[in-house]
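Since the structure of chain A is already known, use the hints to place chains B, C and D on it.
Residue numbers (my numbering), protein chains in the order written: chain A, 3 to 369; chain B, 3 to 369; chain C, 3 to 369; chain D, 3 to 369.
Honestly, I wouldn't trust all of these hints.
The calculated lysine-lysine pairs, modelled on BS3-like cross-linking and capped at a C-alpha distance of 27 angstroms, are [what the hints assert, rightly or not]:
(1) C:K87 / C:K100
(2) B:K255 / B:K236
(3) A:K255 / A:K285
(4) A:K255 / B:K283
(5) D:K283 / D:K236
(6) C:K255 / D:K283
(7) C:K236 / C:K255
(8) D:K255 / D:K86
(9) D:K87 / D:K353
(10) B:K255 / B:K100
(11) B:K255 / A:K283
(12) C:K283 / D:K364
Source of the hints: derived by calculation from the structure; they are not laboratory data.
4 protein chains.
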Amino acid sequence: MPEVRRIGVLTGGGDSPGINAALRAIVRRAYAVGVEVIGFRDGWQGPIEGDDRHVCPLSLEDVSGILYTGGTILGTSRTNPFEKKERDGETVWEPTEKVEAIKANLKKHKIDALIAIGGDDTLGVAHRLGEHGVRTVGIPQTIDNDIGGTDYAIGFHSALATVTDALDKLHTTAHAHHRVLIVEVMGRDSGWIAVYGGLAGGADVIIVPEGPPEGSFSVDEVEQVIRRRLEQNKRFSIVVVAEGARPRELGGKQVASGEVDAFGHVQLGGVSYWLAEELRKRKLPLTPRVTVLAYLQRGGIATPFDRLLATRFGVKAVEFALEGVYDVLTGLRGTAVEAVPLAQALAECPKPVDPELLRVVKVIGGS
Amino acid sequence: MPEVRRIGVLTGGGDSPGINAALRAIVRRAYAVGVEVIGFRDGWQGPIEGDDRHVCPLSLEDVSGILYTGGTILGTSRTNPFEKKERDGETVWEPTEKVEAIKANLKKHKIDALIAIGGDDTLGVAHRLGEHGVRTVGIPQTIDNDIGGTDYAIGFHSALATVTDALDKLHTTAHAHHRVLIVEVMGRDSGWIAVYGGLAGGADVIIVPEGPPEGSFSVDEVEQVIRRRLEQNKRFSIVVVAEGARPRELGGKQVASGEVDAFGHVQLGGVSYWLAEELRKRKLPLTPRVTVLAYLQRGGIATPFDRLLATRFGVKAVEFALEGVYDVLTGLRGTAVEAVPLAQALAECPKPVDPELLRVVKVIGGS
Amino acid sequence: MPEVRRIGVLTGGGDSPGINAALRAIVRRAYAVGVEVIGFRDGWQGPIEGDDRHVCPLSLEDVSGILYTGGTILGTSRTNPFEKKERDGETVWEPTEKVEAIKANLKKHKIDALIAIGGDDTLGVAHRLGEHGVRTVGIPQTIDNDIGGTDYAIGFHSALATVTDALDKLHTTAHAHHRVLIVEVMGRDSGWIAVYGGLAGGADVIIVPEGPPEGSFSVDEVEQVIRRRLEQNKRFSIVVVAEGARPRELGGKQVASGEVDAFGHVQLGGVSYWLAEELRKRKLPLTPRVTVLAYLQRGGIATPFDRLLATRFGVKAVEFALEGVYDVLTGLRGTAVEAVPLAQALAECPKPVDPELLRVVKVIGGS
Amino acid sequence: MPEVRRIGVLTGGGDSPGINAALRAIVRRAYAVGVEVIGFRDGWQGPIEGDDRHVCPLSLEDVSGILYTGGTILGTSRTNPFEKKERDGETVWEPTEKVEAIKANLKKHKIDALIAIGGDDTLGVAHRLGEHGVRTVGIPQTIDNDIGGTDYAIGFHSALATVTDALDKLHTTAHAHHRVLIVEVMGRDSGWIAVYGGLAGGADVIIVPEGPPEGSFSVDEVEQVIRRRLEQNKRFSIVVVAEGARPRELGGKQVASGEVDAFGHVQLGGVSYWLAEELRKRKLPLTPRVTVLAYLQRGGIATPFDRLLATRFGVKAVEFALEGVYDVLTGLRGTAVEAVPLAQALAECPKPVDPELLRVVKVIGGS
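Just chain A, with the same shape it has in the complex (with noise of 0.2 angstroms):
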C-alpha cells in the first residue's frame, strides 16, 4: 500500500450546510499526521480543469471559522466526466475524455487520494473513476437524504430544521386566519424532508413522491382530512407537499417546479399551487394559500447534528484513505461512522422513505 502524502477534495451537486465542517475536518485531520490537502474547485471540473484557478492547497487557517457556515468554500458544479448513454436499453456512463483529463492532473498534483463530497451523481463519478485507477472515499451530502449507505447524508437535519421553523411559524398565525397553509418543500424523488419536516412541524396532511400505494396522491383525500378538520372546529390545515409529488388527476404526471405543466405553460411553482387551483375549485370554507420554500433549505448555518456528522465523516474519509480503503463512502450506521463500498451505496439510491415514519404519520398525524 503505498503512503499517502497528499489528500484532494471537491464539493459537487447542491451545496447544504455542513459542507464547510466536513472541510475543515478533513483538513485537520490530515495536518495531525502531516498529510497535505489540496482542494478541487467546482466540484469535478477541478480536477479537469487542474489549473491555478481551480487548484488550491488548503492549509488549517483557511479552515478556521467555517465550521458552521453554509454553502462551500470550494464551490460546486453539475458537471460529469462521463457521458450517460443508453445501450441495449441500460442505462451506461461512458468515459470521456475527461477522465484522463482528471488522472492526469491528480498525477501532475501529486494527488494519492481523492475525497468527494457530494449527492448520487458526484459519488457515482468517483465511484467510476474507481475502475479507473483513481483512489477515491466518498462523504455524502444531500438535503434530500436519498443516498444509500448511511443512515443520514450531510444537510438533511440542516434543511429539517428550516422547515420545521417554517411550519411552527406558521401554526401561530395559523390560528387566525381560515385557511388551507401550503408548504412546498425539496424532494424529486422521496419525501424524506416532507416526512421529517411535516411530523416535527406538525403538518395535517404530507404528500410526498413516494405516494400513497398507487404511487400518486389524489385532491379528493386532500380535501377529505381538511374537511374532517372542519368538523372538528379546526379552521385551518397545513399541508407539506414535496416538489416531486404526482397528482392521480393528471395520471401520476409530476407538476415539477420549472417544467411545463398540465396547462402548457410553465408553472414555475409547481405541484402546490397546482393542489391551490385545485382546492379553490371545491369551494371550501377555507382560501388556499402557498409558502414555496425552495432554496431557504439549502442555507443557513449547520446544525449541531451536521456539524458532528460532517466532523466525523471527514476524520473518518481521511482515516480511510490512510488505512487503503478506498471506492467506499462513510455511512453513519446508528452512532458508527463504516466504510461502506460505494457500489453498494449508489445501488439504493434513490433511498426511499423510511416506511416506519410513514407508518407514523398514519398513526398519528392528522387527527
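Below, chains B, C and D alone, put in the same frame as chain A:
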C-alpha cells in the same frame, strides 16, 4: 369624566406577532388599578354578537405566558359594521344595524372604554364608532407598517426578522448556484417590508409598490443590475419584490397574489413568478428561482422590539382610557408613546415607506 | 393478556424539550384505537396522591399545540416511592408505603398500563414497580443523555442546540478580545453535552467528568493548549467544561455547583470559576471570563430531532403497552425504536460518552 | 472646505454585532462617489502605529458578506492616546506623544477625515483629537446603550435579542422547577439591557445600577416579590440583575465581576452569586440558580434593527465628512439620523435608562 371600571378589548385584521404582548400589558395595567378587562372575540364580530361565545373576561392568569407568542388569543376577523359607499364621487362609510348592536352589547357588558388593536380597517371602525358615542382607543398593528400616526406598528419588526433570516439563508447558498433568487415579500400598497428587509438582508435589487418616480418597475432595469453584477464576477443576484409591485411592461398593472393576471388565469404566486418568467426570456446565464414567504411573515414569536412596543402601547392605551383621552391611537414618536388623534393617523394611510431609506437603497444598494 | 383500555402517563426528574411532543404522540396514538389516556401530575407524586389535583384525563384537545413547547404540561418532581438503603455494602431500594398508594390509585383510576417519561431515577422506579405488579413502559428523557439502552434520550439534542448556539455567539466576539472564554455546561457524571456541544461549537478545550485516563484534568494541560494557540497567533481560546469535571489539583474532588468547595464556602458557580481563578494565577496574557449556561440548557423549544424522537417514542410506548410488552423502555437503536428491558438499560447508567467522539476530539480538537 | 478623497476608519472598545454592517456601508457609500477608504486596525492603536500591519485599504470586495457578522473585521483595542489626570479636583485628558503619532500617520496616509466607531472612550478620543486638528466623525456603538446624543447605539438591540432569548428559554423550564432563576446581564453603569431585556423577556424582578431612589437595591425587596408570587401559587421567579447593581446590604458597594468582593476574595460572578447566597440564607422554598450570560451578549449575528441602524450610520458618517461636518456623531433621533456635536453627546454619558421604561416596569412588572 365618568369613571372607568371596565375596559373592553378586541383584535382585528391580519394578525401579527406582538398582539398578545399588548393584551397582556392591557390586563396587567388595568388590574394594577382595579379595572376589569373584557375580551371580545373575532374582531368586530365580538361586540356585534355579544354572546358568551364572543365575550370573555380576561384575568391575569389568562394573559400569563403569552408575552412572546404569535397570533392573538382573542382571534380576529375582517367584519366591518360600516358599509363602504360611493356618493358624489367620494367614499363614505355608512353605519349598518351592526353599529347599534355594538352599542347595545357594550352597554349590556358595562364597557366604559374599548381598546381596538388592528390595522387601518380596524382603527377606521374605532374612529367612526366615536361619532356614535363609543369611547375608543386604538393600538396600531400590522406587519405592513403603513398606518399613519406612529413610527412603527406592532408586528413590523417581527416580519422583518423573518424576511432578513430568509435572505441570510439564501446568501449562504447563493454563491454555489448561478441563480437569480427572487424573494416575494408582503406589501400590497407600500414597500416597508421590502425596503427594510432588503436592506437588512443585503438584497441586490429591491422592488416596491411605490416604484420609481413613474410608479412601477421595468424588467430592463432589473436585468441591468444582474448583468452589471455578472461583469463584476458576481454569479448570483438576490431580488426582493413586494407582492404589490407593478411591472411597467403591463402598464403598471398589479400582478397580485390570487388575482387574474395578464395571461388570463389565476397566478397565485403573483409578480415574482411573472418576473422570473420575464427574466428567463432574457436568456441570462443565471436561472431564476422563486421563494414565496407568504404567511411566514405573519408567524413566529415576537421580537424584543415588538414585545416592548406592544407592552408600552398596551400600558398607554389603558392610561389614555383612564385619563379620558379617546378617539386616539398609541403612536410611537421617537422614543415616546403619544396620543395621536385617529382622524389624523387614518388620513395618512397607507403611509408610504420612509424616503430616506429609499435614498439609502439608491446610494449603497445593488453595487 | 388483559385488554388495555386506559393508559396512565407521568413525567419525572429534570425536564427537557421534547417531553410534550411525547405526550402528544401518546394521546394521539391511544385515541386512534379508542384507548383513553390519564395524566398524573408532578412525577410519582401524581399516582401517590391520586386526587383530583394530581389526576387529569388527557384529550386530543389537551395535547393540541404542544408539539414544540419545552417543559412538561404534567409538571414534574423528584419524589421517589422507594428508599435508598445500604445493606451489606450494597445499595438497595426498599418500598415505602407510597408503593401501595400507587397501586391503589392506579386501580382506583382503572389504569391498565403506566408510561413513565424521565431519567434514570424515574425509570428506576418504573422498573421496581414492575416487581410489585405494576405494568410500566419507560421513555428515556434527559439532556445529560446518560441513560443506557438507547442511542439518544429526549432532550439531549435540544440542549446541544443551546450550547452550540452559545459557542457560535462567543466565537464572533472572541477575536476582538484577548480572552479565555470558559463555558460551563451541564453533566455531573458524564460529558455528553460537553463533548458533542464542544465539537459542534468548535471549542478549543473540552473538559469532561470522565476525564483523561486518570479521571480528572489538570490546569497545566489547559494552560498548555492556550499557550500553544498563542504561539500560533490565536489570541483567544474557548474552553467548555462540564459542571462535574474534577480538577487533579484538588485530588480529583468535584467542585460542583451549589456545594461547599475546597475553600470552605459555597461556590455556586463551581468548577468554571475555580478554573478561571487558577488560570488567572498563571499570568496568561489573556483574561479568563466565565459564562454559566445553567438552566438555559433545559429550556427553549424542542429541535426537530427531539420532536421526531419523542413522537416515535410516544407512539411505540403505547404500542408496547397494547402488545403486552412491559418493563421496557423505548430505545433508539440506529434508526429503529426497540423495546429494551429496563433492567438492562438501568444497568448501563450513567452511560459514559461515546469513546469514538472522545477520539475525534483528540485527533482534531484544539489544534 | 478641502475636498475629501480618502477616509480612514477604525473601531474601538468592546465590540458588538453591527459594526461590520457600518464598515460595509461606509465603503459602499464612499466608493459610490469615488472616495477611498483606509481601515486602521485595533482601535486607536492603528493610527498610532501606522505601519503595514495596522493599515489596510478597504475595497468593496473586503466588505462583501459581512453585513450580518458579529465582531469587527478591523479588530479593536482600548488604547487611548490621551492620559487621564486629576487637576484641581477635575478630570482632564492630557495628550501623550501618541497624539502626534496619529497626526503624522494620518498625514502620511493622506487621510482627509477619520470615522471612529465605538463607545464613550473611543468617541471621547475622536472629540479631543478635533482640538488637535484632526477631522473626525463618530458612530456610536455599545451594547450598553449609554452613549448620549442618540436614541440607540449599534449593538444594543442585538444584545437584547440574546437576553430575551435566554429569558424565553428559562420560562419554558421554570414551571417544572421550584427555583429562583437569577440571570446576570451586562451594564456596569446603566440598566438599559436589564430593563429592556427584562421587560421583553417577562422577568419578575429587574435590578439595575441606577437602583431605586436610594441608588441601590435590598435583598428584602427581592424576597418580597418572590414570596408574593408564591402566595399566588407561582412556584418560580425570574430575576434579571445588571452586573453593576449595588446591594444596599453592602452599603451600595458594587460587587462587580472580577473584583474583590465583601468576602475578601475574587467573586468572578459578581452580584448575581452574592444575591443567590443571600436568598439562600432566607430559607425560601425555592432554590436560587444563577445563569451568567457574560460575553454571549456581545456575540451572535446583528439583528435587522442593528443592521439598518449601522447601515444608516455608515452612510451618514461618510456624508457628514463629505459635507465638512466634523466633531459630530451620527445620532438616531426618532426615525432620522442627525449630526450631533460630540461634546454634547459625551456630556450625557453614561446616559441613564429611559425613566418611562422604569415606570412601565413599576406599573406592570412583577405582578
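Going through the hints against the structure:
Between K87 of chain C and K100 of chain C, the direct Cα distance comes to roughly 16 angstroms. Compliance with the 27 angstroms bound is thereby established for this hinted pair. Restraint check: the Cα-Cα separation between K255 of chain B and K236 of chain B comes to about 32 angstroms, which exceeds 27 angstroms; the hinted pair is violated. The suggested pairing of K255 of chain A with K285 of chain A holds, with an alpha-carbon distance near 24 angstroms, which does not exceed 27 angstroms. Between K255 of chain A and K283 of chain B, the direct Cα distance comes to roughly 26 angstroms. Compliance with the 27 angstroms bound is thereby established for this hinted pair.
Distance hint between K283 of chain D and K236 of chain D is fulfilled; the C-alpha atoms sit about 21 angstroms from each other, no more than 27 angstroms. For the hint pairing K255 of chain C with K283 of chain D, the CA-to-CA distance comes to about 26 angstroms; that is within 27 angstroms, so the pair holds. Restraint check for K236 of chain C and K255 of chain C: the C-alpha separation of about 32 angstroms exceeds 27 angstroms, so the hint is violated. For the hint linking K255 of chain D to K86 of chain D, the alpha-carbon distance of about 24 angstroms falls within 27 angstroms, and the restraint holds.
A threshold of 27 angstroms between alpha carbons decides the hint, and for K87 of chain D with K353 of chain D the separation of about 23 angstroms falls inside it, so the pair holds. Among the hinted pairs, K255 of chain B with K100 of chain B is inconsistent with the structure: their alpha-carbon atoms are about 36 angstroms apart, more than 27 angstroms. Straight-line distance between C-alpha atoms of K255 of chain B and K283 of chain A comes to about 26 angstroms, which keeps the hinted pair within the 27 angstroms bound. Proximity of K283 of chain C to K364 of chain D is assessed by CA-CA distance (about 44 angstroms); at most 27 angstroms being required, the pair is judged violated.
Consistency with the previously given hints fails for numbers 2, 7, 10, 12, ordered from lowest to highest.
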